[in-house]
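Number of protein chains: 4
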Amino acid sequence: MTASKTPARLRVAVIGAGYWGPNLARNFISSPDWDLVAICDLDGPRAQALADRVGTNVAAYSDVAALLERRDIDAVAIATPARTHHTLVLAALRAGKHILVEKPLADSREHGAEMVREAAERGLILMADHTYCYTPAVIKIRELIAEGALGDILFIDSVRINLGLVQPDVNVFWDLAPHDLSIIDFVLPQGLRPQAVSAQGADPLGAGKACIGYLTIPLQNDAIAHVHVNWLSPTKIRQMVIGGTLRTLVWDDLNPQQRLSVYDRGVDLTQQAVDGANAAASMVSYRLGDTWSPALPEREALGAMAEEFAASIRDGRAPRTDGEAGLRVLAVLEAASRSLASQGLLSSLAGHDAAVTDAARAAVLR
Amino acid sequence: MTASKTPARLRVAVIGAGYWGPNLARNFISSPDWDLVAICDLDGPRAQALADRVGTNVAAYSDVAALLERRDIDAVAIATPARTHHTLVLAALRAGKHILVEKPLADSREHGAEMVREAAERGLILMADHTYCYTPAVIKIRELIAEGALGDILFIDSVRINLGLVQPDVNVFWDLAPHDLSIIDFVLPQGLRPQAVSAQGADPLGAGKACIGYLTIPLQNDAIAHVHVNWLSPTKIRQMVIGGTLRTLVWDDLNPQQRLSVYDRGVDLTQQAVDGANAAASMVSYRLGDTWSPALPEREALGAMAEEFAASIRDGRAPRTDGEAGLRVLAVLEAASRSLASQGLLSSLAGHDAAVTDAARAAVLR
Amino acid sequence: MTASKTPARLRVAVIGAGYWGPNLARNFISSPDWDLVAICDLDGPRAQALADRVGTNVAAYSDVAALLERRDIDAVAIATPARTHHTLVLAALRAGKHILVEKPLADSREHGAEMVREAAERGLILMADHTYCYTPAVIKIRELIAEGALGDILFIDSVRINLGLVQPDVNVFWDLAPHDLSIIDFVLPQGLRPQAVSAQGADPLGAGKACIGYLTIPLQNDAIAHVHVNWLSPTKIRQMVIGGTLRTLVWDDLNPQQRLSVYDRGVDLTQQAVDGANAAASMVSYRLGDTWSPALPEREALGAMAEEFAASIRDGRAPRTDGEAGLRVLAVLEAASRSLASQGLLSSLAGHDAAVTDAARAAVLR
Amino acid sequence: MTASKTPARLRVAVIGAGYWGPNLARNFISSPDWDLVAICDLDGPRAQALADRVGTNVAAYSDVAALLERRDIDAVAIATPARTHHTLVLAALRAGKHILVEKPLADSREHGAEMVREAAERGLILMADHTYCYTPAVIKIRELIAEGALGDILFIDSVRINLGLVQPDVNVFWDLAPHDLSIIDFVLPQGLRPQAVSAQGADPLGAGKACIGYLTIPLQNDAIAHVHVNWLSPTKIRQMVIGGTLRTLVWDDLNPQQRLSVYDRGVDLTQQAVDGANAAASMVSYRLGDTWSPALPEREALGAMAEEFAASIRDGRAPRTDGEAGLRVLAVLEAASRSLASQGLLSSLAGHDAAVTDAARAAVLR
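Protein chains in written order, with numbering that gives the first Met the number 0: chain A, 0 to 365; chain D, 0 to 365; chain V, 0 to 365; chain U, 0 to 365.
If you are wondering where the hints come from, they were derived from the structure by calculation, not from laboratory data. We put the CB at the ideal spot given by N, CA and C, even for glycine. Don't take every hint at face value.
Reference excerpt, derived from the structure (chain V facing chain D, CB under 10 Å, subset only) [claimed, not checked]:
| # | residue |
| --- | --- |
| 1 | Ala7 |
| 2 | Gln47 |
| 3 | Asp51 |
| 4 | Thr55 |
| 5 | Leu253 |
| 6 | Gln256 |
| 7 | Arg258 |
Simulated restraints on C-beta separations [what the hints assert, rightly or not]:
| # | chain 1 | residue 1 | chain 2 | residue 2 | range |
| --- | --- | --- | --- | --- | --- |
| 8 | V | Asp263 | U | Gly207 | 23 to 29 Å |
| 9 | D | Ser29 | U | Leu245 | 33 to 39 Å |
| 10 | D | Gln256 | V | Arg8 | 38 to 44 Å |
| 11 | A | Asp289 | V | Asp51 | 53 to 59 Å |
| 12 | D | Pro188 | A | Leu164 | 28 to 34 Å |
| 13 | V | Thr86 | D | Ala317 | 48 to 54 Å |
| 14 | A | Glu297 | U | Ala64 | 37 to 43 Å |
| 15 | D | Gln256 | A | Asn220 | 39 to 45 Å |
Start from the sequences and build out the full structure, keeping to the hints where you can.
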């Protein structure tokens with residue numbers, strides 16, 4: 000590629016200089032696709048401090064409107080609390096910016112859907128910051144499932160527990176489960192489109208919100224997904240088991256020496272005619288095959304996400320984790336909240352799936 | 000103690016020579032409290048083979064009635080499928096035998112309650128074979144909770160998964176969860192007496208019954224217990240986390256070098272008056288203290304259980320895991336079956352003590 | 000195979016009813032190849048107790064001579080302290096018995112060599128009880144090396160440490176290292192035939208013998224083997240790493256879920272001409288490939304060893320772990336003792352094959 | 000503390016912008032004690048790139064002499080290959096700079112001793128960059144040993160293996176063992192002052208230097224230290240076991256959830272008169288007590304080291320890891336090289352310990 004073909008760098012601002020914003024800023028700074036031009040935070044000195052720390056020509060803003068007025072900014076990355084996403088995103092879209100939003104996409108499915116529609120109508124990219132979907136481990140899991148290495152999915156069991164900060168504005172489902180849900184959505188070929196969801200939670204400390212949560216999601220073909228999120232565990236576990244008819248995969252994100260293990264093991268079930276009375280009984284046999292742990296490249300997820308964000312803008316296509324993916328996560332979180340409010344009863348997602356989809360996707364693809 | 004003070008050995012027969020019976024037989028053989036005098040199995044040659052293997056003066060029976068007629072037998076240990084417990088136990092009680100029954104106590108709470116009543120009326124011991132309650136780890140957990148080392152219990156999370164045999168007659172809840180439930184019942188000072196239970200299950204292989212199960216049990220004071228049982232996991236996990244206001248305990252039964260870990264860590268929550276509008280906000284602080292792993296004696300659980308069985312007979316007192324404990328486990332299992340049959344809705348245990356429905360029993364197989 | 004073709008069972012006696020004898024006895028009892036006919040121990044009641052425990056027609060002896068006079072006994076398995084092996088084995092060979100001897104084969108290479116010669120002259124089997132060589136993991140390692148999966152061997156690092164009993168009559172090298180050495184001898188296609196050995200030890204408790212030991216064994220082609228044995232470690236480690244030019248294998252014997260791991264990783268070295276002055280420099284590149292963990296059958300090593308003992312007798316061939324293998328282990332142990340006595344200096348094994356000095360034997364206890 | 004009491008920041012330059020220099024630079028930048036004023040590297044553009052990256056007013060030099068001429072620089076941190084330390088340090092000392100040198104202190108003990116003498120005579124600080132000695136884990140180990148928690152030290156076993164770059168100019172001992180040796184020197188109350196050392200190495204790849212190394216160091220009272228360093232291991236292990244008469248400590252640096260474990264276990268040895276013939280035998284008993292894992296603060300080692308460097312300059316005292324500590328490490332490395340050249344024979348350190356010590360320390364303390 001000759002120098003003249005190199006696309007010009009896109010120009011991005013980060014809104015929110017709290018916990019996650021600095022990570023985004025650092026990755027835009029070191030990306031060949033992006034120029035980080037501004038940091039914005041209601042707390043002006045905090046914006047300035049981050050701007051100073053990450054580079055030399057980064058401006059600081061405490062006023063979003065002023066930032067959005069700048070015509071030379073192509074995109075904004077939003078790392079503020081979820082309840083502010085709707086207002087900020089709509090404003091930024093109306094100012095013509097492409098958008099990357101921290102998870103969860105919004106504080107309600109309705110808000111999220113409005114954001115997705117607005118982006119679609121304006122032909123702008125709205126990308127969900129589902130960071131885990133850009134890690135080498137999750138990309139590999141998606142590939143393995145897509146190529147049929149696991150066979151049909153039987154179950155997904157995800158555990159994400161740690162001694163964590165009790166968040167002031169959201170419960171443990173909305174804080175942690177977006178990770179698990181966005182990953183499940185990403186690795187399943189059909190995405191995460193359950194009919195219903197059941198949730199159980201507990202608030203034993205009296206924090207005013209669930210600090211421990213269990214989420215059960217019936218999948219197609221009688222398969223099941225289950226997510227355990229917990230702010231009160233003294234030990235840190237981040238583990239996902241995906242069982243299939245052919246093989247079962249274990250992802251242990253805290254074991255850098257063997258993050259992924261693929262077990263060539265399983266239970267084979269044969270329906271067999273037995274005595275007349277009993278009609279049929281299940282014959283069970285075991286496979287105890289080898290275990291295989293694929294080598295994974297060392298690549299930082301945020302860097303890959305920044306690249307995808309730029310590519311989707313340049314190619315005028317939906318990014319890998321688009322607004323629709325963000326909506327699917329929100330749909331599950333909302334159904335979980337409804338189930339939580341009704342003693343764990345399965346809460347249907349049907350009827351909540353307003354038809355944003357095809358129109359929105361088509362619009363983005365132009 | 001002089002020889003004349005040594006109590007005479009009690010005489011026991013084992014009924015059932017399948018998977019568990021031989022373990023019981025071996026432990027009675029090597030116990031100073033017991034003489035194993037007979038093995039009984041419908042499959043006569045199997046009874047004979049086990050009798051030959053474990054000792055020199057052990058008789059073999061294929062006819063239970065004949066066995067129970069023997070006046071010189073003080074007690075029987077029953078290791079047959081759960082659906083046979085009710086009939087066998089009633090017959091044995093009527094023959095005046097003390098009884099140890101493999102878990103679950105019975106195939107329904109109603110059946111179990113009848114067994115408990117019959118034993119009480121006859122002044123005979125009916126003991127549930129909740130083996131884990133006799134392991135050094137579980138005994139230590141009970142002590143730690145009793146002495147207040149954990150503070151108030153906030154949550155219990157139990158995982159028991161493995162590549163396991165799909166049982167012909169019960170689902171994964173009835174097969175594996177009795178372990179978790181009997182342990183929780185044993186370590187909680189007040190026992191396991193929940194108001195309600197919620198269960199989610201899946202049968203992705205089409206085995207005709209749940210092979211993956213999740214059980215949620217609200218406890219007192221907004222605490223929660225959760226049990227994950229799974230026959231389809233390629234990796235074996237047997238782990239229980241018990242979180243308390245003071246400390247949190249992790250029991251990893253597959254780590255012989257550090258089975259119990261007590262973490263002096265936790266989240267402290269302080270309710271604090273803040274600005275007028277918001278009234279109060281939770282202030283969170285962390286404790287990251289030391290971890291402590293108590294040394295455990297090397298003692299086989301079955302040996303301790305055989306000793307307790309003998310002692311309860313001699314002292315005319317309820318054994319540590321008595322029929323009532325078995326009933327509490329059955330109550331939860333039945334409520335789980337009802338919940339499973341109604342989309343995971345919280346199923347109350349109240350009012351089901353006396354009259355257990357056939358519907359619920361049928362649901363066991365769902 | 001019809002019953003008439005089934006070879007008659009061989010008849011065996013176990014000498015030594017201490018720690019290891021009962022294990023051998025149990026395996027002969029459950030083997031289809033063997034009839035266990037007698038137990039012998041200087042402590043008569045102990046012999047009787049073991050005989051009673053393991054079967055119904057097992058005789059007990061406290062007098063070896065009386066045992067060896069029995070013409071109906073084909074073979075003896077000797078599980079007594081190493082210093083008694085020479086006398087017992089020679090007596091048993093002279094009585095026409097095939098022999099299995101617990102490791103180490105003898106208390107000196109000279110004694111061992113005499114035993115091997117005597118067996119050879121009489122056409123009798125003399126087998127070393129190198130139990131690990133019959134485990135599925137070690138058999139798999141041998142296969143992988145034999146088929147070239149690891150490439151050329153670069154290094155072997157073996158660690159066998161635990162809080163262990165300080166043995167009354169041998170140091171930690173003679174107690175534990177026979178395991179590591181017999182395994183290395185078994186898995187290397189050419190066996191363990193080093194030119195020299197270096198040993199370092201320590202006796203920090205003043206036990207009168209080394210309780211911590213390090214053994215370095217230069218192998219062919221500048222490869223190296225190293226063994227760490229230690230009675231004083233609070234944690235138990237049994238791990239062997241075998242590095243090859245193509246792949247590296249890790250055997251973690253205490254991890255039943257993943258005993259063997261084969262890493263497709265390594266350092267590639269390319270000699271390359273560089274600038275004129277420097278002639279050549281090493282270019283290094285890395286391979287970070289997948290990891291693979293072969294499934295291993297669940298088979299008890301002692302059962303496989305009993306089978307091999309019988310097969311070698313019936314076929315009139317050397318067993319897999321023959322007396323020569325035992326001698327190779329002894330040669331290394333003796334050289335280690337000499338090295339220990341001379342400040343860790345590399346001690347040659349050449350010339351010591353025939354005439355082992357008393358000095359070296361004395362050094363065993365150092 | 001009022002602003003007038005705050006000591007002025009010291010001014011430092013980093014020499015060497017390769018692998019380690021950037022880490023030092025970042026830590027000086029974020030230290031309240033230091034102003035980083037310059038980066039120097041023979042490769043000018045590399046120096047410039049690092050200077051640009053870490054701050055705004057950092058100058059870049061490719062000429063050391065020019066750098067050292069600057070009177071406003073108080074100290075230099077040297078992160079260049081070991082063979083250049085002697086020349087650079089002497090030049091910097093002669094220019095009046097305090098010095099922090101990357102490990103190993105020099106490429107020979109003689110060179111190192113000359114550096115220490117020169118610094119002492121000039122009253123300047125010469126500090127060894129023994130980074131691990133500033134980690135919370137190692138500081139805790141030192142405290143535990145100092146307060147007698149382990150009792151007398153019986154053995155130290157250190158393993159530091161990984162798939163590592165084959166270094167162009169040093170073997171694996173000089174590359175990795177300085178870590179282990181400096182740690183052992185730091186945690187032992189008397190420092191690392193062995194009489195002799197034995198080393199075994201291997202170069203199975205033909206790299207022209209040892210890539211696998213074993214180092215044995217007899218300690219006082221028949222204790223022993225052993226270090227295993229290895230560039231060719233596919234798995235990464237960084238573990239040190241320190242056995243004492245009272246307790247044993249395991250430091251697993253790759254286990255962030257439980258870096259330190261203190262085992263209240265051990266072997267107790269009692270000399271006891273036995274039967275007349277045998278005079279005395281060792282009676283062994285076990286303690287299997289609890290395990291305890293102290294909480295460690297999260298503190299970056301390099302930050303603590305920068306603080307200590309500043310404090311030692313201000314207070315005119317030897318830093319915790321002074322030049323003498325660096326010399327003790329060099330003495331062991333040199334003895335190891337001699338042992339390696341003589342077949343692993345114990346190589347004495349006596350006579351190599353020229354009396355730099357007291358004079359030098361006195362001079363620094365002024």
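Hint check:
| no. | hint | result |
| --- | --- | --- |
| 1 | Ala7 | 22 Å, violated |
| 2 | Gln47 | 14 Å, violated |
| 3 | Asp51 | 8 Å, holds |
| 4 | Thr55 | 7 Å, holds |
| 5 | Leu253 | 8 Å, holds |
| 6 | Gln256 | 6 Å, holds |
| 7 | Arg258 | 14 Å, violated |
| 8 | V:Asp263 x U:Gly207: 23 to 29 Å | 26 Å, holds |
| 9 | D:Ser29 x U:Leu245: 33 to 39 Å | 37 Å, holds |
| 10 | D:Gln256 x V:Arg8: 38 to 44 Å | 41 Å, holds |
| 11 | A:Asp289 x V:Asp51: 53 to 59 Å | 44 Å, violated |
| 12 | D:Pro188 x A:Leu164: 28 to 34 Å | 31 Å, holds |
| 13 | V:Thr86 x D:Ala317: 48 to 54 Å | 60 Å, violated |
| 14 | A:Glu297 x U:Ala64: 37 to 43 Å | 40 Å, holds |
| 15 | D:Gln256 x A:Asn220: 39 to 45 Å | 41 Å, holds |
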